[in-house]
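Undergrad: Quick mapping for you: the protein sequence lines, in order, are chains A, B, C, D, E and F.
If you use our numbering, the first sequence corresponds to residues 463 to 780, in order.
If you use our numbering, the second sequence corresponds to residues 463 to 780, in order.
If you use our numbering, the third sequence corresponds to residues 463 to 780, in order.
If you use our numbering, the fourth sequence corresponds to residues 463 to 780, in order.
If you use our numbering, the fifth sequence corresponds to residues 463 to 780, in order.
If you use our numbering, the sixth sequence corresponds to residues 463 to 780, in order.
Be aware that one or more of the hints could be misleading.
DSS-like mimics (lysine-lysine), calculated; alpha carbons at most 30 Å apart, straight line [as the list claims (entries may be wrong)]:
id, chain 1, residue 1, chain 2, residue 2
1, A, K541, F, K470
2, D, K470, B, K541
3, C, K624, D, K470
4, B, K624, C, K576
5, A, K470, C, K470
6, C, K466, C, K576
7, E, K601, E, K576
8, D, K624, E, K624
9, D, K466, D, K576
10, F, K624, D, K470
The hints are simulated quantities; they were obtained by calculation from the structure and are not laboratory data.
Note that the structure is a prediction, hence the values are computed from the model and not measured.
Protein chains: 6
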Amino acid sequence: MAGKSDFKPVDATVTPRFADVATFMRTQRREISAEIDIGLCGVPFDLGVNFRSGPRDAPAAVREASRLIRQVHPVSGTKPYDLCNVADIGDAPVNPLDKDDSISRIETFFGTLKTAGIRPIAVGGDHTVPLPVLRALAKDEPVGILQFDAHADILDELCGTKVNHATIMRRGLEEGLIDPNRVVQLGLRGSRFGDDDIRFGQEAGYRCITIDEYEDLGRASTIEIIDEVLGDGPVYITLDIDGIDPSYAPGTPVPEIGGLIPRDVQVIVRSLAGKNIVGADICEVAPCYDPTGITCVTAANMMFEMLCVMAEAVAAGR
Amino acid sequence: MAGKSDFKPVDATVTPRFADVATFMRTQRREISAEIDIGLCGVPFDLGVNFRSGPRDAPAAVREASRLIRQVHPVSGTKPYDLCNVADIGDAPVNPLDKDDSISRIETFFGTLKTAGIRPIAVGGDHTVPLPVLRALAKDEPVGILQFDAHADILDELCGTKVNHATIMRRGLEEGLIDPNRVVQLGLRGSRFGDDDIRFGQEAGYRCITIDEYEDLGRASTIEIIDEVLGDGPVYITLDIDGIDPSYAPGTPVPEIGGLIPRDVQVIVRSLAGKNIVGADICEVAPCYDPTGITCVTAANMMFEMLCVMAEAVAAGR
Amino acid sequence: MAGKSDFKPVDATVTPRFADVATFMRTQRREISAEIDIGLCGVPFDLGVNFRSGPRDAPAAVREASRLIRQVHPVSGTKPYDLCNVADIGDAPVNPLDKDDSISRIETFFGTLKTAGIRPIAVGGDHTVPLPVLRALAKDEPVGILQFDAHADILDELCGTKVNHATIMRRGLEEGLIDPNRVVQLGLRGSRFGDDDIRFGQEAGYRCITIDEYEDLGRASTIEIIDEVLGDGPVYITLDIDGIDPSYAPGTPVPEIGGLIPRDVQVIVRSLAGKNIVGADICEVAPCYDPTGITCVTAANMMFEMLCVMAEAVAAGR
Amino acid sequence: MAGKSDFKPVDATVTPRFADVATFMRTQRREISAEIDIGLCGVPFDLGVNFRSGPRDAPAAVREASRLIRQVHPVSGTKPYDLCNVADIGDAPVNPLDKDDSISRIETFFGTLKTAGIRPIAVGGDHTVPLPVLRALAKDEPVGILQFDAHADILDELCGTKVNHATIMRRGLEEGLIDPNRVVQLGLRGSRFGDDDIRFGQEAGYRCITIDEYEDLGRASTIEIIDEVLGDGPVYITLDIDGIDPSYAPGTPVPEIGGLIPRDVQVIVRSLAGKNIVGADICEVAPCYDPTGITCVTAANMMFEMLCVMAEAVAAGR
Amino acid sequence: MAGKSDFKPVDATVTPRFADVATFMRTQRREISAEIDIGLCGVPFDLGVNFRSGPRDAPAAVREASRLIRQVHPVSGTKPYDLCNVADIGDAPVNPLDKDDSISRIETFFGTLKTAGIRPIAVGGDHTVPLPVLRALAKDEPVGILQFDAHADILDELCGTKVNHATIMRRGLEEGLIDPNRVVQLGLRGSRFGDDDIRFGQEAGYRCITIDEYEDLGRASTIEIIDEVLGDGPVYITLDIDGIDPSYAPGTPVPEIGGLIPRDVQVIVRSLAGKNIVGADICEVAPCYDPTGITCVTAANMMFEMLCVMAEAVAAGR
Amino acid sequence: MAGKSDFKPVDATVTPRFADVATFMRTQRREISAEIDIGLCGVPFDLGVNFRSGPRDAPAAVREASRLIRQVHPVSGTKPYDLCNVADIGDAPVNPLDKDDSISRIETFFGTLKTAGIRPIAVGGDHTVPLPVLRALAKDEPVGILQFDAHADILDELCGTKVNHATIMRRGLEEGLIDPNRVVQLGLRGSRFGDDDIRFGQEAGYRCITIDEYEDLGRASTIEIIDEVLGDGPVYITLDIDGIDPSYAPGTPVPEIGGLIPRDVQVIVRSLAGKNIVGADICEVAPCYDPTGITCVTAANMMFEMLCVMAEAVAAGR
């Protein structure tokens, strides 16, 4: 399934990277159609947070930051735009004044993508976003999940609500969207509200790797674990940007010091080459707390890493 | 009703203004009680916005900025803390994950204040906040309103919802909380979604003064109009910070250029001496868009202006 | 020449203003065609400056800031999108490594617009930009010019070059693009390199209004002068953002204190209703010096003001 | 006393304004000598503040910002560098760990200038700085003072100390350095600690013009008052940057809203042409609170305004 | 000594973390009393610096940032509020205009704490602060010290003064407050004024671990050394935030690149479980240089780390 | 060749580091002369970039940041100012409106230095700068190069031009300025335009160490490779600041995540002691994207590292 020439991103030698409208990684802004293999999109939703807000502005800001990204992967040599058709398909519809309506609209949007055979890479939005995405993508078959995050997001409820940025890894399991034996949670850390902040996933079978265990294991062993746990089934990647150390990603609602470094996330995502990546997201980027812009630059680069392994999966017919 | 000595704000000659916890204008943090005449409080709610978010952080940030404020008014000579008991009574309870629940809790909080005989000066929060405040304060008698704002906030609905930061001046009227013949809307401007962005209030009897008409009238005539329209009944002041020009108050979700300057707002609020000020708020301050801090400094000063005219009302037994 | 429905900007009730890709004022991103009446575009060129750089990023940043702008003018009631077809036609091509090549490409781009019958509103770019624009638009007939600016831009050369951001009002006259009897320069101020910083225009017949004279005249008289000087011929508006006071527009390479306020610029642009506006630009916006974002917000609003008077001209068949 | 050619500032056509080391307005960095008529200098002292700190960094930051300033005055046409020898003479010595030692060193430094016949324009430092300056300049003859300020600075003591940024206008009078009949305090405003915050100066004969009175008088009448009060004797100008509205000068330790605008300060300083200006300062600039840089740009421009009227005085042999 | 329920921090499920006044880690603001086991406090003093200023604002800013911190330690499982009574006891009194008076007041404040049996965790202030703290805490028995710092702070004098942020580790030894055989200085680096910048401590018996030696040793061996050197006696922890790399803590007066990472500091502090921690501080946080806020977030987290090991010590009756 | 006493930097005990004009590391600003051994200079040129601009302001900003740097190296003990005469010799002349003219002037400037026997350490400017520097320094004998960089800079052309910030490592070889067998490129990474982004250098014999290979090798082995490759001949160091991770150096036009950390660069530069360092530069620092200032602090420290190894070379008569 080779990428069509009329789907290629803007050519920087013709239009400098700072010019014209910003789309994700300078891909074309296309309407949803079956021609598209991978759809880059935004989910400007942040009504699921209980501390600082801001991720509704992430799709716009990451589009801007992603002007930097070029077309060829420096390590794998992957050329995603030669492998398949990639486009910026806009943002999922949301209702900024209604959380539940938004969740519903987001699910519908991703359902449309699934129907059209488009694999999404979404820029949230807060970390509630993966739930409606999975409701669309995984309704027929639960997926394995690689979650980069400081927080396990397995609470039963927060402020009396069941759907928010701290409960998705419990909800998704309860709803049959997640295969508990194919989940890795990486980067967990930070002070806790109580003993239950992490336990549910452990009991459910998730492979929870705190930052302390990660340090002990080292990256190579961790990659082996991830490979083994995720196996051959469909895999969904969710990157809560607060999984990354706040020195590298300060623009996030709930920063936790002592986190993963971008290099580690890059190398781990690269290790997913060969997996059947069915979807991915990057959440909890809050541009209003990112005066240096590096959080958005980091997110843009991670989007490219995800694109490359997903494009390989598309090309391989996985 | 003279202010008690044990209610006095922190003495800056003993504790420098940069020291210790930040309360509104360095008043004491007190629990609600009938001893208190004027209650300074926050309403950290911003689920009623349809563009950028952020005002949930305003109570905290305005408390910090208000360290600057001293105790005596430079023009009127009013000494509010000699006139009555003033305290920081904390923040109204909100549920960051539930808009309707928050609205309900806010109304209850202000109902408690009303019962205790406390007049509130609230720092929002987005401009949905005045509605639950008025539901508590004005449920028995509609109030006159002086609204500083770029936007009339008289839409019937926004994104399918009836209660949000763009509808309160219609909802409040419908609910019998606002006396339509005693309303002045000042500073209206900015591009419009449609012809109806301002009409409802005009038809209802509100005195709408666009920035253009304000320029024509001049401040002195405007003050006369305000005096006449508000009359002798209970008056509520609502300052949407975007009524002020964004050069002076950039930290706001929906800035509109060409606005009021702080000096004008100061002098107009001062002209309310003699009115029966029953409540006041300052809304739409978004600290995350305020890198210079001047928005919060402006808000803190406006809180002091409001306090002085309200304290005069308390002392006069109005 | 009524605006077609399929040319309407994105509907904010369907797609919130913070969502999806940013175009100028949320108009559609269209390729150049004769169907378009008014083309909003960027000119990301800043190789013509001799102090700080940065305006190459203005088209992107003003697109982002212009998410705020709605569809109806609050004073005139003008609905530009009902009057004619308006679109975001992208950015003029530039070569970031070659000043002269860029100037040439920009001229060609605007020549194409002229051929297609599209009136441009351009966001520069530094204040060299109007020269290649005028070379395209005014090659057959010199235009009258309303220039908002701190600097007269009438030097003969700068650093040994003839085409840069300080010479365009001389070059344009020499090249027969400017009708010297129909030029108003408004807002001139700031320390000078020498006595010649302003003289050329005065001798050529330009109506130069320093900030001091503006203060003496008042806005109303100034508007009369502008009306009289510009007359009935084709008019081009150029807004060097440093014409506006740096408190309102700090993000600019060469700020000069004591300038015009945005309100004045708004009202003056509005006074051009009835003129034959053939083109307009906003230059010298440097987002990297605009941490509060108000410079870009100001620019976006000025773009809307220009659009409304230009749309009236289109609709009137001028 | 014409300016020597070897004292001219750096030529921007040879060395661009962004290049090489930053001196005040690109004048030469010279050691103190009798050849110099006007000495631009810094006083990096901020141990006299009781709220936020920061002005110790102002000399460095204003030097940077003053790269913008050119050589000819746009209204008067004054060419200060043709009229006399102007140089950057570095900073007064201070001891960052000893307030009293610093005050003493500053006085000595300005005493050396007086002996050498150099008139200073100093960039503070907090507003304690004028006291040691006046101890040097006015020890033989009290001076008249034009003070732009939000605060009267006439307290008797602050935190148990007599010399700090809130007492200089009392101390200077007590020490015989200030002629009380030749003092204008302009721009006074802001909440007060007590009734005495302004009274001392009024009783001593100072002409105190609050922002309210200034508004009533208008600028023209105020200029007449200033002219009359200052008379023909030696005049010292002290610009506490917080006299200017914080929208235009946010980078200051104690901002007070509703202040003077830079345009007014510019025009008032220009009105001093003909006076015998013996010294001047700009204080309370805190670069660390100035992310847009406009405070420092404002200070740099005000330095040029002061220079022009002072150079006229030098040239006229006053 | 179990923590009392009425001493518990604010419950985030009732009052969201962004709401109400900011205290250290949302503990209660209490007056000093013998009921308190651990007192969190500020020392807003920065008159001991010889370069940039700013730490006087750290107690306020760290209180704000500490809204993020929850109640349970993620690795040790420690629940400090169950172990003992912890409160925010406000700030030590200081005189912003008198360095020596401030030092004296700070010593008195901590003397009162000692008398009341309260162990302090103080947020400075510059790194002069530990000296008056130790004068109170260690007057009867010298303490061991774990110092995280880029600079050894063992100069004899700076700018002619003996007490400032560069001399405390010499003064403390001379005054008998420090047990030289129980001192570890970790993270030393940065260009030096002279050969003596580090020597005194080495000769006195301090275990000085430069960043180079730390890299060679590795964290595990370093922890062994710290354990051995500190032994069983009373231990005081002083964290000069510039010990941490400025990428993670840019908001500090004297940043030095190539430093410790927060993870290392976290793990090392955790290794102190079992020690008799009698006091701790975090100094040299300058919020005005911290636009991303991560310095204050780092400081808040380190405060929690210190609290956990100190609470264990209290609970164990050490 | 011992350093003369009258060449010593400003003494911080006399003039605090925040005081007086900023020169590189507080060395004296001297005119070019044969007395000088090492010349610290700026090259404020950024017309060679094809994305964001800004490095023209780096010499000024790094001078400011370098106020922090002291005189003795903490690891080697090197005292560069005792070893030779070091001065700030100002900035190379540039023409901000003419790229080619600038390149020519820069070459001439460095030619003058070579003639005078001055070894330069230059702060660019964009990464075009090394080419004209090498044209002056290496015209008689090609040099070995240690390049820290995210990008190989070996394209043949960019936007149709041959001399820009992406081609210098090809141009320099073609022009015989670079000895291809004595080149190490370290830190290469980031998405690529095409397969050729790195190949040319590899084929020419450059030792290209991507960040991935660096991780595999480790720092010690890398240092051995560098030592071997550079050998005994003349060595030029070029530090493109984007070689460093953007968390540590966000202020750069083209940041690439996952980079070198400053510690590594420090240790590697230190390992060059004993080499014949004939020149060095630090490029691609863009202060307008550096709100925390750490990029400039990093650059200033790297300048000191370079100075120490270069001063050793001078002293050793290499």
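Undergrad: If a hint holds in the structure, say so; if it does not, say that too.
TA: For each hint, the structure was consulted:
Distance check on the hinted pair: K541(A) and K470(F) sit about 55 Å apart at the alpha-carbon level, beyond 30 Å; violated. Between K470(D) and K541(B), the direct Cα distance comes to roughly 55 Å. Violation of the 30 Å bound is thereby established for this hinted pair. For a cut-off of 30 Å, the pair hint linking K624(C) to K470(D) stands: about 26 Å separates their Cα positions. Proposed proximity of K624(B) and K576(C) is contradicted: the alpha carbons are some 47 Å apart, above 30 Å.
Restraint check for K470(A) and K470(C): the C-alpha separation of about 27 Å stays at or below 30 Å, so the hint holds. Taking the CA atoms of K466(C) and K576(C), the gap is about 21 Å. The hint holds against a cut of 30 Å. With a C-alpha separation of about 10 Å, the suggested pair K601(E) and K576(E) falls inside the 30 Å cut-off, and the hint holds. About 24 Å separates the Cα atoms of K624(D) and K624(E), which keeps this hinted pair within 30 Å; it holds.
Straight-line distance between C-alpha atoms of K466(D) and K576(D) comes to about 21 Å, which keeps the hinted pair within the 30 Å bound. In summary, the hint linking K624(F) to K470(D) is not supported, as the alpha carbons are separated by about 39 Å, beyond the 30 Å threshold.
The structure does not agree with the numbered hints 1, 2, 4, 10 stated previously, though it agrees with the rest.
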